[in-house]
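**Student:** Add chain D with the ligand to chain X, keeping to what the hints say.
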Amino acid sequence: MIATLMTENDWAAHNVRRKNLGAHVLGVTAFAGGRISIHWLMPSGQIAEENWDMDGVEFPSLTVELPEVAWDEREIHDMFGYRPKGHPDLRALVRNPRWPDGFYPLAGPNAPSKPQWIEVAPNNPAQTVEGEGVTIMKVGPTHAGIIESGHFVFSIIGENILHVDLHLFQNHRGVEGQLQGRPIGSVWPLISRICGADTVSHQTNLAMAVEEMAGYQIPEEIQWQRILVLESERILSHLNDLAQIPAGVGFSVANQRALAMKERWQRGLEVIFGHRLLFDTVQAGKPLDVDIEALGTLIVELQREWRPWRSLVQGHHGFQDRMEGVGVVRQSDALRLGGQGIVARASGLTFDARQQMPLYEGWPLDYASETSGDVSSRFKVRLDEVEASWRLMERVLQRSRIHGALPVWEPPSDLAGQAVTFSESPHGLNAHIVAVDRGQVIRYHVRSGPFRNWPLLAKAVAGNAVGDFPLINKSFELCYSCLDR
Amino acid sequence: MALKGLKLVGKPIKALQLRHVDAGSCNGCEQELTALGNGFYDMQHFGIDVVASPRHADGLVVTGPVTDTMKRPLVQDWDAVPEPKWLIALGDCAAGCGVFQDAYACHGGVDGMRTPDLVISGCPPKPQDILQKIALWRKTLG
Ligand code: SF4
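Chains X and D supply the protein sequences, listed in that same order.
All letters in the first sequence, in the order written, are residues 1 to 485 by the numbering used here.
All letters in the second sequence, in the order written, are residues 486 to 627 by the numbering used here.
Rather than coming from a laboratory, the hints here were simulated on the basis of the structure.
Every residue, glycine too, gets a C-beta built ideally from N, C-alpha and C.
Some clues are possibly wrong.
As the list claims (entries may be wrong) - Quick list of in silico lysine to any residue cross-link-like pairs, SDA-like style, CA-CA up to 20 angstroms:
#	chain 1	residue 1	chain 2	residue 2
1	D	Lys556	D	Lys611
2	X	Lys114	D	Gly593
3	X	Lys286	X	Glu212
4	D	Lys611	X	Lys114
5	D	Lys611	X	Ala260
6	X	Lys138	D	Val560
7	D	Lys556	X	Gly140
8	D	Lys611	X	Phe279
9	D	Lys556	X	Asn123
Claimed, not checked - Over the 10 angstroms line for every Cβ pair with chain X, so calculated as not near, a few chain D residues:
#	residue
10	Lys499
11	Gln502
12	Val506
13	Glu517
14	Gly532
15	Val535
16	Asp564
17	Cys591
18	Asp596
19	Thr600
20	Leu603
21	Ser606
22	Leu616
23	Arg623
24	Thr625
Unchecked claim - From the derived model, a few chain X residues whose C-beta atoms are all more than 10 angstroms from chain D:
#	residue
25	Gly22
26	Met42
27	Ser113
28	Lys114
29	Asp165
30	Arg193
With the rest of the complex left out, here is chain X (with noise of 0.2 angstroms):
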């Protein structure tokens, strides 16, 4: 890790150097005693840390010169009552009107306790667009299906949207407060449940933080097994997400076709993995307890029900014609806000974190990348990333056939340190930000792959007709609780 220590005047112009060598936002990192840190994964896969230490209470804002973090910065303001000074758009991110003053959950060292809610509605005020025509249209934070909670307000001029104003957050539960102060080991079924649909992901950060900071190597055979759940993680929810897609405009048989598809799918990794969702299966320093035979037979059984799936949506016209077009990300909105995942690699980028993952060193991986932007590529994306990720699990399973018993580690109960560790999740680039002292947690930052999605959805739907609102969401499916946490 490369450390440099700031003045006022270098802050800006470091981290804009970062960014324009090419590198990605781990996280910008707020710390109780006045500490901001902003992490870069560089292109060359080390990790650059640049630090702001706090005389008060205000640090200046990089959102002008970085938009990506635009809502980090309003994040650290809600949870900390840190200024971002010159930031150009500081309304509440995370907290709402029921916030007592002064409560600022992440201040202090230790787990926050339960405050007094205020007895208000928790709505915040809402950007709208004025003028003749205008409508404005409110849905959520409860919605007509089996749907995480999100608000949106829409400004609408016949059938378009002419803005869309995100309030998310709904499903806050204080996660990163809830780890502080608790022994390092006891903190895996939380990080296990930060996010359903990304668990291994996360768990697969834990452990790297852990195995980091006391120094210890897991054999190759461990490796491997980790890209094998990390990548059958990636297969659930891309089915997932490739059954939602139809779904968005009707088309069934391709919808309940995935959804059977996820489910066998689900079905294999239960007996192999141990759990239909992958929680709680990777922990520091400890092999998985994998079935080798058993999931290259899986693989081989889906692939007979994918093939003839994927001819039938890639050969229907009608299909195709609704998603071409449709919820365009242009490739410079995905490069300024740090798009992630699948919709920047569906608008011309190519960055997916497993080029730059020890774990995956030397493995030949298929990195998929379309140009449009639309719904069509980012639906394409995901039908190339599903078969890249079989070639790979085929691959890997080959050498794992034969090996002796695996020896087990256990982290020491003093564990001090802080670590930056960071994996490809299904929803793009995943990072954690740990810091450790005698074994109990300090500070346990979480910053996934929709994060820095949310923003370029709001931008992707502007102008598109309301009634397709649905669709595009569903392209890029993100997962409100890994924001919200």
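**Tutor:** Here is chain D with the ligand on its own, set in the frame of chain X:
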């Protein structure tokens, strides 16, 4: 023409229409609730469905530990369901024994609003278990 009720293992049962409210879930429970609609479980076949409005519903199925922000919307949805109505807590979080219980922005499940009529525990409960629990519970409703 009124249907007298569908047959499930020989017993007459009534349809059950539910409105889903996510009150802070990790989306694991949602995924398994969604799975009930796939061809393997086919909940509609048993007269169970998730409907678009609380006004069309016989009750709520709630997931998540009830975050402070979702507390009011949850109560509003509950109030919008016509009587008689039922409350189902799906998953350990909603049941008040999940992992987020002591987080500062959680109210510890649906119990703070009203004691649920049915608790389906699990993290998340498996689709088969959800169906089974609902079927057994419906028998007790007479
Ligand atoms: S019970 Fe488990 S699966 Fe369900 S919302 Fe809670 S943590 Fe997620």
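**Student:** Verify this label for me: Gly22(X) is non-interface relative to chain D, using a Cβ-Cβ cutoff of 10 angstroms.
**Tutor:** Label holds. Min Cβ-Cβ 32 angstroms, cutoff 10 angstroms.
**Student:** Determine whether the non-interface label on Val506(D) survives the test: each CB of chain X must be over 10 angstroms from its CB.
**Tutor:** violated (5 angstroms)
**Student:** Is Leu616(D) truly not at the interface, in the sense that its beta carbon sits beyond 10 angstroms from all beta carbons of chain X?
**Tutor:** holds (14 angstroms)
**Student:** Is the nearest CB of chain X more than 10 angstroms from the CB of Val535(D)?
**Tutor:** Incorrect as stated: the minimum Cβ-Cβ distance to chain X is 6 angstroms, not above 10 angstroms.
**Student:** For Ser606(D), is the shortest CB-to-CB distance to chain X above 10 angstroms, so the non-interface label stands?
**Tutor:** Given that every Cβ of chain X is farther than 10 angstroms from that of Ser606(D), nearest at about 15 angstroms, it holds.
**Student:** Going straight from one Cα to the other, do Lys556(D) and Lys611(D) come out at no more than 20 angstroms?
**Tutor:** violated (26 angstroms)
**Student:** Hinted pair, alpha-carbon criterion (20 angstroms max): Lys611(D), Phe279(X). Please report holds or violated.
**Tutor:** holds (13 angstroms)
**Student:** So is Asp165(X) really clear of chain D, every C-beta pair being over 10 angstroms apart?
**Tutor:** holds (16 angstroms)
**Student:** Is the nearest CB of chain X more than 10 angstroms from the CB of Asp564(D)?
**Tutor:** The claim holds: Asp564(D) sits with its nearest Cβ about 12 angstroms from chain X, beyond 10 angstroms.
**Student:** Run the C-beta distances from Leu603(D) to all of chain X and say if the shortest one exceeds 10 angstroms.
**Tutor:** Non-interface label stands for Leu603(D): nearest chain X Cβ at 17 angstroms, farther than 10 angstroms.
**Student:** Quickly compare the C-alpha distance for Lys286(X) and Glu212(X) to 20 angstroms and report which way the hint goes.
**Tutor:** This hinted pair holds, its Cα atoms lying about 14 angstroms apart.
**Student:** Decide, holds or violated, for the assertion that all CB atoms of chain X are farther than 10 angstroms from the CB of Cys591(D).
**Tutor:** violated (5 angstroms)
Of the numbered hints given earlier, the model fails hints 1, 4, 12, 13, 15, 17, 27, 28 and 30; all others are met.
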